[in-house]
Amino acid sequence: MGAKSMSAAADSAKLHRTSIGFWLYLMTDCMLFASLFATFAVLRTATADGPSGADIFQLPLMLVSTVILLVSSFACGIALIGLKNRNMVQIAWGLTATFVLGVAFLSIEIYEFAHLINEGYGPDRSAFLSAFFTLVGTHGLHILVGLIWLAVLGWVFYKRGINAKSGRQLTIFGMFWHFLDLVWIFVFTIVYLLGVLS
Amino acid sequence: MDLRIYYRLFVGGTFMTIARYTIGFILSLGLTLLAYAVVVYKLLDTWAVAALIALAIVQMIVQLIYFLHISDETGPRYKLQSFIYMASLLVFLVVGSLWIMGHLNYNMMNMSPEQKDGYMMGEKDRGF
Amino acid sequence: MLGKLSWETALPQDIVTLGGVIMGGLGLLAVIAAMTYYKKWGWLWRHWLTSLDPKKIGIMYIAVSALMLLRGLADAAMLRAQQAVFANMADSPVSADLFQQVFSAHGTIMIFFVAMGIIFGVINLIMPLQIGARDVAFPLLNAISFWLFFAGMALMNVSLAIGGEFSTAGWLAYPPLSGLEYSPGPGVDYWIWSLQVSGIGSLLSGVNFLVTIFTMRRKGMTLMKMPIFTWSVVASMLLVVFVFPILTVTLTLLSLDRTLETHFFTSDMGGNPMMYVNLIWAWGHPEVYILILPAFGIFSEVVAALCGKRLFGYVSMVWALMAISVLSFTVWLHHFFTMGGGANVNAFFGIMTMIIAIPTGVKVFNWLFTMYRGRVRFDTPMLWFMGFVVTFTIGGVTGVMLAVPGIDFQVHNTLFLVAHFHNVIIGGVVFGMFAGYAYWFPKFTGFRLHEGLGKAAFWSWLIGFVLAFGPLYILGFMGAVRRLDSYDPSLGWQGLFIVAGIGLLIILLGVFFQVVQLAYSIWKRKELAVGPDPWNGRTLEWATPTPVPEYNFATLPTVHERDAFWEQKQEKDKAKKLSYEAIHLPKNTGYGVYVGAASFVIGFAVIWHIWWLALVGVAATVILVIMSSLWEDSEKELSAKEVESIETKLWGQKA
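Here the protein sequences line up with chains A, B and C, keeping their order.
For the first sequence, numbering that gives the first Met the number 0 puts the final residue at 197, and the numbers step up evenly by one.
For the second sequence, numbering that gives the first Met the number 0 puts the final residue at 127, and the numbers step up evenly by one.
For the third sequence, numbering that gives the first Met the number 0 puts the final residue at 654, and the numbers step up evenly by one.
Honestly, the hints are just simulated from the structure, not real lab data.
Since this is a predicted model, take the numbers as computed values, not measurements.
One should not assume that every hint holds.
[To be verified] Listed next, the in silico DMTMM-like pairs over lysine to aspartate or glutamate satisfying Cα-Cα at most 25 Å (straight line): (1) A/Lys164 / C/Asp632; (2) A/Lys13 / C/Glu631; (3) A/Lys158 / C/Asp632.
[As the list claims (entries may be wrong)] Beta-carbon label-pair distances, calculated as ranges: (4) B/Leu33 / C/Glu180: 44 to 50 Å; (5) A/Ile116 / C/Tyr36: 53 to 59 Å; (6) A/Val144 / C/Glu643: 44 to 50 Å; (7) A/Val144 / C/His608: 23 to 29 Å; (8) B/Leu42 / C/Gln409: 51 to 57 Å.
Even for Gly, the Cβ is constructed at its ideal location relative to N, Cα and C.
Could you put together the complete structure from these sequences and hints?
Encoded structure:
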């Protein structure tokens with residue numbers, strides 16, 4: 000085996016290991032959210048004479064942020080396809096769109112939190128609100144980590160272009176970003192939609 | 000209708016194409032808007048909760064296939080198997096916690112005897 | 000500027016605590032002085048602290064855990080002394096408040112920093128060798144996991160010196176006692192953060208080991224040809240990976256209640272303390288299976304090797320391991336039958352708990368069948384196994400008793416429970432680790448541990464254990480509640496407590512024998528020297544020379560059978576000689592140490608509400624992670640020629 004094919008095989012094995020490892024980590028992150036969902040579900044009616052979900056959730060705004068996150072997930076997919084086709088321009092546009100939309104999503108969430116805290120409905124008001132802020136806030140924290148990661152990744156591609164390592168890093172970032180949209184489906188449904196329904 | 004056509008259109012082949020990502024995006028968007036409509040336009044009454052959960056699960060599957068490429072894995076299906084295992088544990092944890100915590104109200108201390116009787120009769124009616 | 004930290008809040012108030020801090024501090028100073036005098040800091044940094052070799056990381060885990068075992072035993076000695084000698088004294092040296100802290104620390108240290116540490120250490124040391132690999136899947140992550148463990152351990156110990164107190168809420172810190180209102184001091188916060196930091200390390204290790212086993216097995220080694228210890232690692236790590244996030248969340252929620260005054264587990268404003276109990280045990284039950292499954296794996300290896308026979312019923316052993324692993328997710332409520340879930344809930348979880356005993360029974364029978372008609376060598380590892388069979392069976396049986404809600408209502412939170420879990424943990428996990436220690440020690444050092452002292456240690460531990468915990472079963476049946484520092488003397492229980500105290504002293508004698516054994520064996524290592532395969536082993540870790548080179552295996556011949564090394568030994572002449580190739584290994588790096596240090600800073604800062612410092616710690620961690628991900632020049636290469644010369648040198652002595 001020549002040196003080049005040996006290192007190609009080694010790179011492929013490394014990508015495989017990294018993908019599986021990161022997927023497994025995402026499964027653990029799902030269990031993290033599972034615990035937060037369980038807590039929210041148990042405490043959802045513990046409003047302590049304070050507001051309930053129906054009182055405070057602005058559903059149209061949440062629909063907008065849901066769609067924004069969905070589009071950002073699609074944009075991330077564009078970047079991943081760009082990686083597959085070794086198209087640096089496509090990667091650049093895809094990642095930039097992902098970043099901008101991610102910032103928009105997070106801004107809406109920060110606005111919502113600030114507004115609620117201002118009204119006196121912060122996480123220390125009732126168990127329901129504690130659970131709400133923690134569940135949605137943890138998702139938001141993950142988005143923040145994703146944005147920081149994305150910024151670093153952008154710099155890596157700018158400085159070092161497409162290679163085995165940057166390809167690996169983008170692949171797992173893509174998994175992370177898609178997974179955040181997946182978790183958001185359940186946040187939107189269980190927290191906001193079911194909250195308003197009851 | 001030949002189901003194989005649907006399979007080839009929607010499931011078979013590789014998912015790393017713009018066409019596939021677009022299908023996934025449109026399906027997800029549709030499911031999201033449908034769920035929103037169920038709540039805001041009060042489309043369903045008693046089945047609303049079940050419908051919303053079902054819509055969420057369907058969108059999850061759509062995103063698993065079209066965005067996370069769970070069906071694209073070659074070799075041993077670590078991703079699919081670990082996902083199914085995780086999902087089972089998740090359901091057991093959430094449902095189990097709700098079941099346990101709901102039942103702990105059985106012995107709440109600050110109920111009057113009448114309240115307690117009424118509560119326990121209610122439990123009996125619900126088959127607990 | 001310094002949050003809640005001040006001279007008044009920092010210094011230990013209790014004289015015993017202060018004494019402990021001074022002794023520990025002097026010991027640490029002595030070590031630092033010796034290291035400086037012998038100019039060993041550079042060697043320590045370059046060859047151990049920055050190493051990404053899982054064998055070295057494994058030894059560091061074991062060294063830290065052994066040290067923490069001594070602290071945990073010191074805690075146990077204080078508890079026994081209080082109940083046997085100082086009980087009902089007006090001015091006991093172990094004050095009531097100190098007693099609460101000591102049993103909380105004892106449990107926390109033993110589970111998190113002794114048992115978990117030794118297990119991760121043994122897995123690092125043995126598992127890559129057993130699957131015929133050269134490293135784990137993510138070597139840097141492995142180092143980071145160790146240093147997170149170390150940082151958690153450091154926080155645990157610093158709690159005495161800075162803060163002068165630990166949590167009084169037991170090893171699981173139930174609210175409302177662990178909430179802000181009833182535990183306003185830093186003790187519970189130290190508990191939370193040492194577990195939070197080391198817990199993340201455990202989670203990352205779980206992912207790392209699973210990916211290693213799934214993707215880096217030697218060619219030809221299918222899953223059903225893996226050594227059984229490796230299977231036990233799979234079963235255990237599957238648990239780690241899916242339950243440690245529950246611990247992370249639960250600790251975070253408690254911490255939020257204490258810092259941001261949220262209401263998850265408060266008694267008012269909608270909080271539900273029972274939800275904490277539910278969540279913490281949803282983690283806590285699988286945790287104890289995480290501890291025992293690798294011990295089962297070690298026993299399987301030891302029994303097969305020391306009986307000169309293939310393990311009986313390999314397939315059923317694998318099924319049993321995986322069944323126990325899956326079932327352990329379904330039983331957690333049995334820890335709080337008395338919390339009031341009602342008959343249906345209790346019945347379901349009680350039945351599931353009884354079911355989980357069945358695969359364990361299958362394993363015990365398989366071990367015994369392995370012994371049958373084998374050429375049994377009653378060396379120390381085998382003695383530990385025999386001690387395990389007897390004690391663990393009793394512990395398991397009392398577990399099935401506790402699984403019956405009706406019985407549990409009588410003995411919940413009595414000393415019966417305390418006896419049960421010490422029975423299974425000491426008889427199972429501790430004896431398993433000691434068996435592994437005696438069995439694998441010669442592989443890495445080239446000499447055996449002294450047999451006579453090993454036997455003396457074993458008998459001391461066994462007899463000591465029976466005396467220390469047998470009385471507790473009796474006391475529990477008679478109604479003795481756990482976690483009390485004294486009982487009414489008119490009950491006439493003092494005699495049993497004295498017996499228990501004597502039992503602990505005999506255990507300490509056993510530990511003494513083990514320490515002497517290690518020192519003596521090192522001193523007499525030339526007389527005790529053995530080759531690279533002293534037990535006539537069956538699995539691949541014995542296929543390496545001693546000491547094991549950094550790359551483990553120079554060549555990677557395909558595997559065809561279970562018990563791959565046994566196959567290699569039978570086929571010795573027919574085996575094709577593979578040529579040496581260049582080997583790539585990870586370079587040493589300080590990233591692990593720095594991430595551990597940054598995590599320690601975050602934990603310490605949040606405990607004392609020094610918010611600017613916490614932010615600094617977080618920023619440092621983020622920067623370190625980013626830097627390590629950008630690290631390009633992370634591998635070094637050993638040329639084929641270098642490998643050849645190393646191999647010739649290592650094997651040459653035995654050729």
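Comparing the hints with the structure gives:
Between lysine 164 of chain A and aspartate 632 of chain C, the direct Cα distance comes to roughly 12 Å. Compliance with the 25 Å bound is thereby established for this hinted pair. Of the pairs offered as hints, the one joining lysine 13 of chain A and glutamate 631 of chain C holds, with about 15 Å between alpha carbons and a cut-off of 25 Å not exceeded. Taking the CA atoms of lysine 158 of chain A and aspartate 632 of chain C, the gap is near 16 Å; set against the 25 Å cutoff, the hint holds. Checked against the given bound of 44 to 50 Å, the beta carbons of leucine 33 of chain B and glutamate 180 of chain C, roughly 47 Å apart, stay inside it.
The given range of 53 to 59 Å is respected by isoleucine 116 of chain A and tyrosine 36 of chain C, whose C-beta atoms sit roughly 57 Å from each other. Remark: the range hint 44 to 50 Å for valine 144 of chain A to glutamate 643 of chain C is upheld by a beta-carbon distance near 46 Å. One distance hint, 23 to 29 Å for the beta-carbon pair valine 144 of chain A and histidine 608 of chain C, holds here, with the actual separation near 24 Å. For the pair leucine 42 of chain B and glutamine 409 of chain C, the beta carbons lie near 54 Å from each other, so the given range of 51 to 57 Å is met.
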